[in-house]
Amino acid sequence: MILSVKDLRIWFGEPGAELTAVEDLSFEVAEGEIFAVIGESGSGKTLTGMSILGLTPAAARAAGSIRFMGREVLNRPEAELRRLRGREIGIVYQDPLGSMNPVWPVGDQIAEALRAHGLADRPTAARRAVELLERVHIPDPHRVARAYPHEISGGMRQRAMIAMALACGPKLLIADEPTTALDVTIKAQVLELLAELRREMALTVIIITHDMGVVAELADRILVMYAGKAAEIGAADVIMRRPAHPYTQALMLSAMMSETAPKQVLRAIEGTAPMLHAYPPGCRFHPRCPFAEADCRQEVPTLRPYGEVALACHHPLAPAVPGEPQPAGTG
Amino acid sequence: MSGQGRAVIGPFRRASGGRAAERLLLLLAWLIVAALALFVFFAGLLAPYDPIILNIGQRLHPPALDHLFGTDEGGRDIFSRVVYGTRYSLGVSVAIVFAAAVFGVAYGAISGMASRRVDDVMMRTVDLFFGFPALVLAMAVAAAIGRGLDSVALSLAVIWWPGYARLVRGEVLRLRERPHVEAARALGVSSLTLLRRHIIPFVLQEVNVRVTTDIGYALVAVTALSFLGLGAESPTPEWGLLIRDSRPYFGSAWWYLVFPGIMIMLTATAFSIIGDDLAGRRRRSGAP
Amino acid sequence: MKRLAWGVLVLLLVAVLTFFLSRVVPADPAAFLAGQNASEETVARIRAEYGLDRPLMVQFADYLGGLVRGDFGESIRTHRSVGQDLADFLPATIELLLVSFVLYLVLSFYLAVAAARRAGGWVDSTVRLGTMLGTGIPVFWLGMALQFVFFYKLHWLPLSGRFPIRDLPPPTMTGFLLIDSVIAGDPVALWHALRSLILPALTIVLNLLAVGTRLSRAALIEEFDKLYIRTARGKGLGPRAILYKHVLRNALSPILTVTTMQFGYMISWVILVEVIFDWPGIGLYAYQSFQVFDYAPVIALAIISTAGFVLINLAMDILYPLIDPRVRSLAS
Numbered sequence: 001m002i003l004s005v006k007d008l009r010i011w012f013g014e015p016g017a018e019l020t021a022v023e024d025l026s027f028e029v030a031e032g033e034i035f036a037v038i039g040e041s042g043s044g045k046t047l048t049g050m051s052i053l054g055l056t057p058a059a060a061r062a063a064g065s066i067r068f069m070g071r072e073v074l075n076r077p078e079a080e081l082r083r084l085r086g087r088e089i090g091i092v093y094q095d096p097l098g099s100m101n102p103v104w105p106v107g108d109q110i111a112e113a114l115r116a117h118g119l120a121d122r123p124t125a126a127r128r129a130v131e132l133l134e135r136v137h138i139p140d141p142h143r144v145a146r147a148y149p150h151e152i153s154g155g156m157r158q159r160a161m162i163a164m165a166l167a168c169g170p171k172l173l174i175a176d177e178p179t180t181a182l183d184v185t186i187k188a189q190v191l192e193l194l195a196e197l198r199r200e201m202a203l204t205v206i207i208i209t210h211d212m213g214v215v216a217e218l219a220d221r222i223l224v225m226y227a228g229k230a231a232e233i234g235a236a237d238v239i240m241r242r243p244a245h246p247y248t249q250a251l252m253l254s255a256m257m258s259e260t261a262p263k264q265v266l267r268a269i270e271g272t273a274p275m276l277h278a279y280p281p282g283c284r285f286h287p288r289c290p291f292a293e294a295d296c297r298q299e300v301p302t303l304r305p306y307g308e309v310a311l312a313c314h315h316p317l318a319p320a321v322p323g324e325p326q327p328a329g330t331g
Numbered sequence: 001m002s003g004q005g006r007a008v009i010g011p012f013r014r015a016s017g018g019r020a021a022e023r024l025l026l027l028l029a030w031l032i033v034a035a036l037a038l039f040v041f042f043a044g045l046l047a048p049y050d051p052i053i054l055n056i057g058q059r060l061h062p063p064a065l066d067h068l069f070g071t072d073e074g075g076r077d078i079f080s081r082v083v084y085g086t087r088y089s090l091g092v093s094v095a096i097v098f099a100a101a102v103f104g105v106a107y108g109a110i111s112g113m114a115s116r117r118v119d120d121v122m123m124r125t126v127d128l129f130f131g132f133p134a135l136v137l138a139m140a141v142a143a144a145i146g147r148g149l150d151s152v153a154l155s156l157a158v159i160w161w162p163g164y165a166r167l168v169r170g171e172v173l174r175l176r177e178r179p180h181v182e183a184a185r186a187l188g189v190s191s192l193t194l195l196r197r198h199i200i201p202f203v204l205q206e207v208n209v210r211v212t213t214d215i216g217y218a219l220v221a222v223t224a225l226s227f228l229g230l231g232a233e234s235p236t237p238e239w240g241l242l243i244r245d246s247r248p249y250f251g252s253a254w255w256y257l258v259f260p261g262i263m264i265m266l267t268a269t270a271f272s273i274i275g276d277d278l279a280g281r282r283r284r285s286g287a288p
Numbered sequence: 001m002k003r004l005a006w007g008v009l010v011l012l013l014v015a016v017l018t019f020f021l022s023r024v025v026p027a028d029p030a031a032f033l034a035g036q037n038a039s040e041e042t043v044a045r046i047r048a049e050y051g052l053d054r055p056l057m058v059q060f061a062d063y064l065g066g067l068v069r070g071d072f073g074e075s076i077r078t079h080r081s082v083g084q085d086l087a088d089f090l091p092a093t094i095e096l097l098l099v100s101f102v103l104y105l106v107l108s109f110y111l112a113v114a115a116a117r118r119a120g121g122w123v124d125s126t127v128r129l130g131t132m133l134g135t136g137i138p139v140f141w142l143g144m145a146l147q148f149v150f151f152y153k154l155h156w157l158p159l160s161g162r163f164p165i166r167d168l169p170p171p172t173m174t175g176f177l178l179i180d181s182v183i184a185g186d187p188v189a190l191w192h193a194l195r196s197l198i199l200p201a202l203t204i205v206l207n208l209l210a211v212g213t214r215l216s217r218a219a220l221i222e223e224f225d226k227l228y229i230r231t232a233r234g235k236g237l238g239p240r241a242i243l244y245k246h247v248l249r250n251a252l253s254p255i256l257t258v259t260t261m262q263f264g265y266m267i268s269w270v271i272l273v274e275v276i277f278d279w280p281g282i283g284l285y286a287y288q289s290f291q292v293f294d295y296a297p298v299i300a301l302a303i304i305s306t307a308g309f310v311l312i313n314l315a316m317d318i319l320y321p322l323i324d325p326r327v328r329s330l331a332s
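Protein chains in written order, with the numbering used here: chain Z, 1 to 331; chain C, 1 to 288; chain W, 1 to 332.
Looking at chain Z on its own, in the form it has when it is part of the complex (with noise of 0.2 Å):
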C-alpha cells in the first residue's frame, strides 16, 4: 500500500464552533493503481486530497492518520512536507491557466520543479523540461517550452501541469479535477496521457473528479464521498456495475453510467448536498435517499467490508455475493 489513510478528520474553526468538513475517512492505495475519488462538490473530496501534502487552506485543521509508503505525513512540520511535494508526490489542478505563473515561460516553471529539490542546474534542468514536454506529447517542445502560459491551448497547458508534477519522479501522482476544465477531445486525450504514463513510470495516480466519464475510462478502485464521508469504497468495475449505496447508484444513474438499469431515464438526484454546518442526523444522505429508514435518520453508518466493497449504509441496494436475494427491508 503506497497510501493508507486512517480516521482522517478535517475541520475548521475553533472548539465549540467546529465545523467538520471531512469524517472518519479511511482507505488504502494500492502501488500502480488509478484510485478515483468521487463526489460532488462539498463532498471533502478535495480538501483530503490536498490533504496528503499539507496544502489545505490555512484555516483547516486534521487529525488521524495519513502513511506514505510506511511514513506519516499528517500534520508533519512544514519543512518536512516540502521535501514531499513535487519530488515524492506530485499534483495536477483544475485550472491549468490560472495555476501558471503568467510571467514565466513555461519551461523554466516545469524546470523550477526540479531545481527546487536541487535535482539539476539550471542548463540541465531547462533540457528535461523540454524532454518531459515531449514525454506528454507536447509538440514543437521546444517553442512550447520557451512560451508563455497564455500563449498555448488549454490542452497542451494541462500536460505542462502535468510535466510539471512529473518532472522530479514521483511515485504519487494527486490530480484534482484535471478535465474539468476541457473540451470533451483534450479531455480524453489527458485522461489516456495518465493511463500511459501510470503503465510507464509505473505510477500510482488518486484522481479527484465528480466525473463519471474519467471514473470509468481510468479508475481501478474508487472511493465515493458523500458530506465528507465514505459512502462505498471498492473495485471500480464491481462498483459500476452493482452500486450498493443508494448514493452511488444515484449518480451512476445522473449519469448514465449504470448497468444495473440500462434503460432507466436520466435521473438528477433530487435536493442538495447538505452544508457543513447543517449535516442531517444518522446517515447524511438520509434527506435524499428514496430508500431511507427509521434507522437511518437516527444512526451514523459505519464503514464496514460488504462483499467485495466497503459500504456505510443501513440498508444496501445490492446483494453482498451476487446471485443471493437482496437484504431484507430495501425497495
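It is worth saying that the hints were derived from the structure and are not from the lab. It should be emphasised that the depicted structure is a prediction, and the values quoted were computed from it without experimental measurement. For every residue, glycine included, the Cβ atom is placed at its ideal position computed from N, Cα and C. Take the hints with a grain of salt, since some may be wrong.
[What the hints assert, rightly or not] Computed list of lysine to aspartate or glutamate pairs in EDC-like fashion (alpha-carbon distance at most 20 Å, straight line):
no., chain 1, residue 1, chain 2, residue 2
1, W, K245, Z, E33
2, Z, K171, Z, D220
3, W, K245, W, D324
4, W, K2, W, D225
5, Z, K6, Z, E28
6, Z, K171, Z, E31
7, Z, K187, Z, D220
8, W, K2, C, D127
9, Z, K171, Z, E151
10, Z, K171, Z, E80
11, W, K2, C, E73
12, W, K226, Z, E196
13, Z, K171, Z, E200
14, W, K226, Z, D95
15, Z, K187, Z, D108
16, Z, K6, Z, E33
17, W, K153, W, D180
18, W, K2, C, D66
19, Z, K171, Z, E88
20, W, K245, Z, D108
21, Z, K171, Z, D183
[What the hints assert, rightly or not] Which stretches of chain W does chain C cover? Using the computed rule of at least three CB atoms under 8 Å from a CB of chain C, they are:
no., stretch
22, 6-14
23, 130-136
24, 182-192
25, 304-311
Put chains C and W on the given structure of chain Z with help from the hints.
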C-alpha cells in the same frame, strides 16, 4: 498540515482580533468629525479667546490650563485660533471636494451615456489633466489671479474634478449594461430618466465614499498652499498659515508647530477612516 | 506612439494655460511680469521686449517659439534669464528627488514584503496603521517636525541648506554634490553633503512610504490568493522562494502604476521641502520669486514640472511591456 501557520505563503486570511479595534477607530473618527463640526458652527462659544486680537504680554507661552495649546508670537491663544480656523481650513476643503464632485459627476455621467466618439473625446480631455502636479498649477494660478483661499479653491477644484469624472464615467458604463437598465431602455425610457432613476443613485454611493476620503486629502493640500503663502492671508487663523507663522519660533515654541499639525493629521485621518469604512460597507452589501 | 502624441498635447496644454495666465488674465501683463516694485521705465521696457502690444496669436507664437528654445523670460529678482537660473538650480532638485526615490524604493520593498508575508500579524498591523496616519500628515509639517527633533533637540543634523556655510564644497563637475565629492576624492565634503541631504530626503521618503506601501502591500496580498502560488507550493517551494521568484515579479506591474502616480505628488512635495530646508533647487527658486511678485520663474516651473511628469509617464509606458509578457502580447 502546515503546522507553522502564518509563515506559509498562501491564501490570505485576516487576523480575527482586528474587528474590535476597527470599530473603536471608527468611533474615534466620528467623534473627531463631530468635534470639528462643533468648531465650525460654534467657534464663538467654544473658543475661550478672540483669535485675532493681539496680546503681546502673553506671547509664546507654553501650553497651560488657561492656554491649552499655548500662545503665539502675538500672544493669541492657539487653541482658539485653531478652533476658529476650522471653518477656513476644513470649510474650503469641503467646498473644493464638493465642487469637484458636482462637476465631475455631471461630466462623467454625460460622457458615460454619450456615444462612443463623444465619450472618447471627453475622456481624452480628462486624461490630459490627470496626475498634474497640483502645487505648481496652484502657484501659477495664484500668480495670475492673486492669492487667497478662493484662488486656492479654484486651482484645487480644477485639479480634483478629473478623478470624479473618470470614476463616474466608469460606473455609468458598467451600470448601463445591467439588466434592469436594459429592460427600462427597451421600454422606451429616455436616457435622462435612465440616468436619474437607475444609474445615478448607485453611482452616488461610490462617489460618496470618494468624497469622504478626499476631504482629508484636500485639507492637506489647502494647508500646504497656505503654508506657501498662496492661500489664506494673515491674520486668518487657517491651520496651514499657523504653521507658516510658527517657522521663526518653533525651535523653542514647539507647541506652535505641534498642535495645528495634529489637527490637520487627526482631521485627515478621521475622514480617511470613515471613507474606508463606507467603502467596506458598500463592498459587503453587495451593491451592484 | 499614441503616448507620445498625448505627451505633446499635455505640454501644449500647459503652454496655453501658462500663456493664458501670464498674458491674458492679468490686467496689465507688462506690470505683471515686471513685478510690483517696478518703475514706469521697467514696465515699458518689458512691454516692448515681450511684445505685449502685439496681437495675442502673434504673442503666443513667440511664446511657443521661446519655450522650444528654452527661453523662459527674465527673472526680475535675479536679473538673469530664467533659463539660466533653472539650469543652475536644477541639479539640487534632481539630486534630492533621485536620492529620495531610490531610498523609497528600497524601504518600500522591504516594508511591503514584511507586512504581506505575515499578513494579519503585528508587523502588518503596524504598517497599516502607520500608512493610514501617514497619509494624514502633511509633508511640510513633517519636515519641520524632523527639523525640530534632529536639529533643535538632538543637534545631530543641520537645520537647512545643502552644504554647511563654513565648509568648502567640492569643485562643481556635475552639480550633484554627492558625485562631485566622490570625484574630488573628498570624504569630508561627502559627509557634509550627506548630512544635509538626510532630513529633506527623509521627509519625502516618509511621505512616499505612507502612500505607496499601502498599495504595494495590497498588490502583493492580491497575488498570494492566486492559483499559481498553490502550484508552486505543490512543487515543494518554500515561502521565500515563492515570494521572491513568483509573487514579486507579478506584483511589479501594479506597483509600477502606483509609482508613476507618486511622481506627480513628488513634484509638489519637493517644492515644500525645498522651502522648509532652504534647499537651493528650482522649487525654492520659484517660491522666492513668487514671494516678490516675480512671476516668470513660477510660470517656467509649471512648464518644467509638467515636462518631467510627461517624461516619467512615457518611461513607464516603455517599461510595462518589458515587465509583463501579457501586455506584450496584447500590444503586438
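- Restraint check for Z/K171 with Z/E151, where alpha carbons must lie at most 20 Å apart: It is violated: about 31 Å lies between the C-alpha atoms, which goes past 20 Å.
- Query: Quick one, are W/K245 and W/D324 close enough, alpha carbons at most 20 Å?
  - Reply: Distance of about 14 Å is within 20 Å: holds.
- Holds or violated: Z/K187 with Z/D220, Cα cutoff 20 Å? holds, 18 Å
- Message: Tell me if the straight-line CA distance from Z/K171 to Z/E31 falls inside 20 Å.
- Response: Roughly 8 Å separates the two Cα atoms, so the pair holds.
- Message: Need the status of pair Z/K171, Z/E80: alpha-carbon distance at most 20 Å?
- Response: With a Cα-Cα distance of about 17 Å, the restraint between Z/K171 and Z/E80 holds, given a limit of 20 Å.
- Query: Given the hinted pair W/K245 and Z/D108, is their alpha-carbon gap at most 20 Å?
  - Reply: holds, 11 Å
- Message: Tell me if the straight-line CA distance from W/K153 to W/D180 falls inside 20 Å.
- Response: Measuring from Cα to Cα gives roughly 31 Å; hence the hint is violated.
- Coverage claim, chain C over the stretch 182-192 of chain W, checked by counting residues with Cβ within 8 Å (three needed): violated (count 0)
- Message: Check the hint pairing W/K2 with W/D225 against an upper bound of 20 Å on the C-alpha distance.
- Response: Violated, because 35 Å separates the two Cα atoms, which is more than 20 Å.
- Quickly compare the C-alpha distance for Z/K171 and Z/D220 to 20 Å and report which way the hint goes. Holds, because 17 Å separates the two Cα atoms, which is no more than 20 Å.
- Query: Straight-line Cα separation of Z/K171 and Z/D183 no greater than 20 Å?
  - Reply: Distance ~28 Å between Z/K171 and Z/D183 Cα, so the pair is violated.
- Holds or violated: are the alpha carbons of W/K2 and C/E73 at most 20 Å from each other? violated, 56 Å
Hint compliance for this structure: hints 1, 4, 9, 11, 12, 15, 17, 18, 21, 24 are not met, and every other hint is.
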